[in-house]
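Chain by chain, the residues run as shown.
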Amino acid sequence: MYYIEQLFNGITQGSIYALMAIGYSLIFGTLGLVTFVYGEVVVFGVFVGYYLYAVVGLNFGVALALGLVVTWGVGIIVDKVCYEKFRNAPRLIMLITTIGFAIFLKSSTQIVFGTQQRNMPDILGHVFLNIGNFRIPFIQILIILACISFIIGLQLLLYRTRIGTALRALSMDKDAAFLVGVDVDRVIKFGHSLGCVLGVFGGVLLGVFYNAINPIMGPNIGLKAFTATVLGGITSIPGAVIGGLILGVMENLTVAVFSAGYRDIIAFILLITVLVIRPSGLFGRKLES
Amino acid sequence: MMDQVFSLIQKLRAKSVYFLVLIGIFVLIFPQLTDNQYILHISIRILIYMLLASSLNMIVGYTGQYNIGQAGFYAIGAYTAAIIATRAGYSFLLILPLCGIMAASMSAFLGFPTLRLRGIFFAFTTLGFSEVVRLTILNWRTLTRGTFGIPGIPLPEIVNFQISTNNHFYYLGLFLLVVMLFISHRLINSRIGRAWVAIREDENAAKAMGVETFKYKMINLMYGTFWAGIAGGFFAYFAGYISADSFILDESFAILAMVLVGGKGTLVGPIVGAIILTILPELVREIARYRLVIFGIAILVMVHYRPQGIAGAKAEGRRIDVEKEYEAGISENAVETTAPGN
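Taken in order, these protein sequences are the chains called A and B. All residue numbers for the first sequence refer to our numbering, where the first residue is 296 and numbers rise by one. All residue numbers for the second sequence refer to our numbering, where the first residue is 2 and numbers rise by one.
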């Protein structure tokens, strides 16, 4: 009984991770590299939204929307500072710039918003859905629905619109995309910001799920999104969804069996295991060493 | 202003022999010049950071593997010393190398799955590893006392001589640093060191020339983390009390910033970086709160305007040429970057 509840928790959390992992793999697809600044951007965006809601006193939806807009801007700034000048440079340079920016953003967030944990408002209160013996918090169903609709929306964007097609073309072959007239610079900015926005949306949902947000959770979020992405096979979006779900379920089952202190270790163990057994992930193409 | 500073450094480098001798003498008699305990304390902390930054520089600067979790290995060294010294009470001379060996063997554990893959996986796993070390310390209460930390680490004793004052610790730290730099200098100019640099410059080319890249990357990682472990052991003895708070991610970031700002791939660079980035927040107390914000900006500024770091040599011909080529758009990696998931 307890385990089934934990399993459901895991699925909820996993769908949030899936959202973040999709954002991550979008960024990877457009830029061709992993970014270290992702988790920090997510935390920053979540806190901007939280402040607009709790301190300024805006409506939850409006605050969330504004938070996402700000995130979009941060995404563009990150691109300007970290990537634009180094598009053709060795990728390690971009690795360093994202690390530098992550350090900067992490500490700035802590200075601006303080270091203590904040309580996320209970939007729905404790409404439960009773199915036979099970009690499922309504909010969890809402979270899962939100994630699914976001993912479907993203699929529509990627496969039905012009910019989505450009994004996919870019992730397949940057030079070829340029040759057939894709505005590479603009599409990279778009893809990067979109990835960040997905992450922040996931971050907000995670805050709602835990009822708390923490300014130092950035590296953890980054690591989990990365793990879920690698597990699914870096550039694959369905892979990212499944990777996220597996991570979420495993995390919660570990908490159920062992103790909550080990929650954040699971992602790391999973990452190492994947790298040892199948570095290309579940659905990825074979990686070159 | 910056240019003047850099040109001054260049001039001093030209007269490097006198310069080195002067610095050597100053460093040796430094504790005799002052009995201000605060200054001595800061200088010992700088020495620890020099050791840490130099050890990280071995990995980041010489093979180009981005280790972002050096604090994890630092923590392993410190906890090894603290646990063994408080429980078993072995001698300092036995424990200190053990700290390094512990850190190095943990790094082998980490390097085995990741060093075969692209550098990016290594970078992320080191970040995760340092968090896992911290979480393990917090949760494994029977071994590490969790959040309470380990107090009462005895003062080290070397053949009946007890190291007790800041002066003694200063000389001990200096000795460790000099030994580290000496061995590193010898290593870099050996077959191993040349393999490291070859891997940094172009891993595929190195492989084609017959360098066993995995093996040498592993040696490199273990060597670098060995010294981080030693620094941790020294820190544990010096502080007398350690807790997981000393080994948070910010610590890793600070060490990395020292290497990148000072100049990676040179022995002097991390030393300069450690001095500047440790003294700066002490001199200007108001900015101490913004320490890491400044470190982050410093890294970004360096990458944009002076990629070789403050003390990095401008005359490292080949790398400058490569950079010009990139600016001209003749990128050797351009083809590689376009293929996703490779």
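Source of the hints: derived by calculation from the structure; they are not laboratory data. Fair warning: this is a prediction, and the values are worked out from it, not measured in the lab. Backbone N, C-alpha and C define an ideal beta-carbon position, used for all residues, glycine too. Keep in mind that a hint or two might mislead.
As the list claims (entries may be wrong) - Incomplete in silico selection of chain A near chain B, CB under 8 angstroms:
(1) Leu328
(2) Val329
(3) Ile391
(4) Ile394
(5) Gly395
(6) Phe396
(7) Phe399
(8) Met415
(9) Asp480
(10) Leu518
(11) Leu566
(12) Pro574
Checklist entry - Does the CB of A/Ile394 sit less than 8 angstroms away from some CB of chain B? => result holds, 6 angstroms
Checklist entry - At a threshold of 8 angstroms, is the proposed contact between A/Leu566 and chain B supported by beta-carbon distances? => result holds, 6 angstroms
Item to check | Hint status (Cβ of A/Asp480 to nearest Cβ of chain B, threshold 8 angstroms) | outcome: violated, 14 angstroms
Next on the checklist: A closest beta-carbon separation below 8 angstroms is what the hint needs, so does A/Gly395 meet it against chain B?
Outcome noted: It holds, given that the least Cβ distance between A/Gly395 and chain B is near 3 angstroms, below 8 angstroms.
Checklist entry - When the nearest CB of chain B is found for A/Val329, is that gap smaller than 8 angstroms? => result holds, 5 angstroms
Checklist entry - Against chain B, is A/Met415 within 8 angstroms by beta-carbon distance? => result Hint violated; A/Met415 Cβ to chain B Cβ min 23 angstroms, cut 8 angstroms.
Next on the checklist: Restraint: A/Leu328 near chain B, CB-CB cut 8 angstroms. Satisfied or not?
Outcome noted: Check passed: Cβ of A/Leu328 comes within 7 angstroms of chain B, closer than 8 angstroms.
Checklist entry - With a cut-off of 8 angstroms, does the beta carbon of A/Pro574 approach a beta carbon of chain B closely enough for the hint to hold? => result It holds, given that the least Cβ distance between A/Pro574 and chain B is near 5 angstroms, below 8 angstroms.
Item to check | Interface hint for A/Leu518, Cβ within 8 angstroms of any Cβ on chain B | outcome: Cβ of A/Leu518 sits 5 angstroms from chain B, so the hint holds.
Next on the checklist: Would the hint on A/Phe399 be counted as holding, given a Cβ-Cβ threshold of 8 angstroms to chain B?
Outcome noted: Since the shortest Cβ distance to chain B is 3 angstroms, the answer is holds.
Checklist entry - Measuring from the C-beta of A/Phe396 to each C-beta in chain B, is the shortest one below 8 angstroms? => result The hint holds - A/Phe396 has a Cβ within 8 angstroms of chain B, the shortest such distance being about 6 angstroms.
Checklist entry - Should the interface hint for A/Ile391 be scored as holding, given a Cβ-Cβ cut-off of 8 angstroms against chain B? => result holds, 5 angstroms
Of the numbered hints listed earlier, those contradicted by the structure are 8 and 9.
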